[in-house]
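Asker: Take a look at the letters that make up each chain.
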Amino acid sequence: MGCGRVGGQLAGLLDAEGHTVTVLDTDAYSFRRLPSDFGGTALVGNGLDQEALKRAGIEEADAFVVVTQGDNRNVMAAQIAKHIFNVPRVICRIYDPLRQELYQTLGLEAISPTTVFARLLKEKLEG
Amino acid sequence: MYIIVIGGGRVGYYLTKALLDEGHEVLLVEKNATLCEKITDELGSVCFRGDGCEAATLVEIGTGRADMFIAVTGDDEDNLVACQVAKYKFNVPRTIARNRNPGNEPLFKKLGVDVVVSSTNIILEHIEEEVPTHPLTHLFTLGDRGLEIVEIKIPPESTTVGKAVKELPLPEESKLVLVIPTERKPRLATASTILQAGDRVIALTPPESEEQLRTALRGS
Chain R
1 MGCGRVGGQL AGLLDAEGHT VTVLDTDAYS FRRLPSDFGG TALVGNGLDQ
51 EALKRAGIEE ADAFVVVTQG DNRNVMAAQI AKHIFNVPRV ICRIYDPLRQ
101 ELYQTLGLEA ISPTTVFARL LKEKLEG
Chain V
1001 MYIIVIGGGR VGYYLTKALL DEGHEVLLVE KNATLCEKIT DELGSVCFRG
1051 DGCEAATLVE IGTGRADMFI AVTGDDEDNL VACQVAKYKF NVPRTIARNR
1101 NPGNEPLFKK LGVDVVVSST NIILEHIEEE VPTHPLTHLF TLGDRGLEIV
1151 EIKIPPESTT VGKAVKELPL PEESKLVLVI PTERKPRLAT ASTILQAGDR
1201 VIALTPPESE EQLRTALRGS
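Protein sequence lines correspond, in order, to chains R and V.
Under my numbering, think of the first position of the first sequence as 1, with each following residue one higher.
Under my numbering, think of the first position of the second sequence as 1001, with each following residue one higher.
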């Protein structure tokens, strides 16, 4: 869910590896970021809407990744996938490190690009 | 009581005003600086500018000692996250979230929001009440406890008019509580209560028996 730079690229990589991929975004224009040979499905819809998630096939999904621009939107969609649809693997992006920490302790697999990238930069500078 | 309100829109504004009038200590958190200033002009210094989902903001406003935390922004996801942060990071005893999409209500409850207020549902319920032909009105739902209080009108042409309560094929889990005749005083429903045309019956029922209850009372 979320076809930004990260979402679009991830979808392309997974599709190239032979997975069945569906991309969900509220803006059809965002699908331009998908590679031209993308073989998956691109769907316009709001990932906070359970109907839209069903249309995207969440009930059969093995994994659900949320990478929209909104932290709260990501958190809510991830929790819907995990607690309502029982998707086996759910990963979400949370920019805010504090919120990421909280949701990680609440059992959500959450990555904060802020923390990861800051650490990476520091290592580069020191290395 | 110390109450924190997140979201200075119309709901947040009037809620804060009402809570202040009741003598509570209230702090309203609003992101938008202009809106914040306007609220401060009108209600005094009760508005804090900040993001109510951000832990740093919540530390600053003393969320740890709050008795109640109410999130009423226009976005369901913001309300959910604000309440979760308040609940799980600051142990606020009571969290309340406004909900625009009624479909999200079960999710919110499951995820630790104590009270979910769905504005859409409230409006729907009021409309249901005002439509006289509506066969069954939801008066009150006991959250996830699986029980609701409903009102059912006995139509004048119904086959149940003149029948006693004990003669009706009521679902076992449902209980008739009160019969409100069109003109006389309301009375408690007993097995021998006779139904009259136009009576309004108040009943307790689990949602899954609602349909059977309605059919039993309204006949054909």
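Hints listed in this document are in silico derivations from the structure and should not be mistaken for laboratory results.
Backbone N, C-alpha and C fix where the C-beta goes; we use that ideal spot for every residue, glycine too.
Be careful, since some hints might not be right.
As the list claims (entries may be wrong) - Straight-line C-alpha distance at most 30 Å; calculated DSS-like pairs for lysine-lysine:
{"hint": "1", "chain 1": "V", "residue 1": "1089", "chain 2": "R", "residue 2": "82"}
{"hint": "2", "chain 1": "V", "residue 1": "1089", "chain 2": "V", "residue 2": "1109"}
{"hint": "3", "chain 1": "V", "residue 1": "1110", "chain 2": "R", "residue 2": "82"}
{"hint": "4", "chain 1": "V", "residue 1": "1175", "chain 2": "R", "residue 2": "82"}
{"hint": "5", "chain 1": "V", "residue 1": "1110", "chain 2": "R", "residue 2": "122"}
{"hint": "6", "chain 1": "V", "residue 1": "1087", "chain 2": "R", "residue 2": "82"}
Stated by the list, open to error - Residues from chain R that face chain V, not an exhaustive set, calculated with beta carbons under 10 Å:
{"hint": "7", "residue": "48"}
{"hint": "8", "residue": "50"}
{"hint": "9", "residue": "84"}
{"hint": "10", "residue": "86"}
{"hint": "11", "residue": "101"}
{"hint": "12", "residue": "109"}
{"hint": "13", "residue": "112"}
{"hint": "14", "residue": "121"}
{"hint": "15", "residue": "123"}
Asker: Take the hints in turn and mark each one as holding or not.
Answerer: So, going through the hints one by one against the coordinates:
1. At roughly 21 Å between alpha-carbon atoms, residue 1089 of chain V and residue 82 of chain R fall within 30 Å of each other, so this suggested pair holds.
2. Among the hinted pairs, residue 1089 of chain V with residue 1109 of chain V is consistent with the structure: their alpha-carbon atoms are about 17 Å apart, no more than 30 Å.
3. In summary, the hint linking residue 1110 of chain V to residue 82 of chain R is supported, as the alpha carbons are separated by about 12 Å, within the 30 Å threshold.
4. This hinted pair does not check out: residue 1175 of chain V and residue 82 of chain R have alpha carbons roughly 37 Å apart, beyond 30 Å.
5. Only pairs whose Cα atoms come within 30 Å are accepted, and residue 1110 of chain V paired with residue 122 of chain R is rejected, the gap being roughly 40 Å.
6. For the suggested pair residue 1087 of chain V and residue 82 of chain R, the alpha carbons sit about 20 Å apart, so the restraint of at most 30 Å is met.
7. Against a cut-off of 10 Å between C-beta atoms, the interface hint on residue 48 of chain R holds, since the closest Cβ of chain V lies about 6 Å away.
8. The closest approach between the C-beta of residue 50 of chain R and any C-beta of chain V is roughly 6 Å, which is under the 10 Å cut-off, so the hint is satisfied.
9. Given the 10 Å rule on beta carbons, the hint for residue 84 of chain R holds: about 6 Å separates it from the nearest Cβ of chain V.
10. Hint on residue 86 of chain R is violated. Least Cβ distance to chain V is approximately 12 Å, over the 10 Å limit.
11. A least Cβ separation of about 9 Å between residue 101 of chain R and chain V falls short of the 10 Å threshold, and the interface hint therefore holds.
12. Nearest Cβ of chain V to the Cβ of residue 109 of chain R: about 16 Å, over the 10 Å cut. The hint is violated.
13. Interface hint status for residue 112 of chain R: violated, as the beta-carbon distance to the closest one in chain V is roughly 13 Å, over 10 Å.
14. The restraint placing residue 121 of chain R at the interface with chain V is violated, with a minimum CB-CB distance near 22 Å, outside the 10 Å limit.
15. This hint is violated: residue 123 of chain R has a C-beta 26 Å from the nearest C-beta of chain V, more than the 10 Å allowed.
The structure shown violates the earlier hints numbered 4, 5, 10, 12, 13, 14 and 15.
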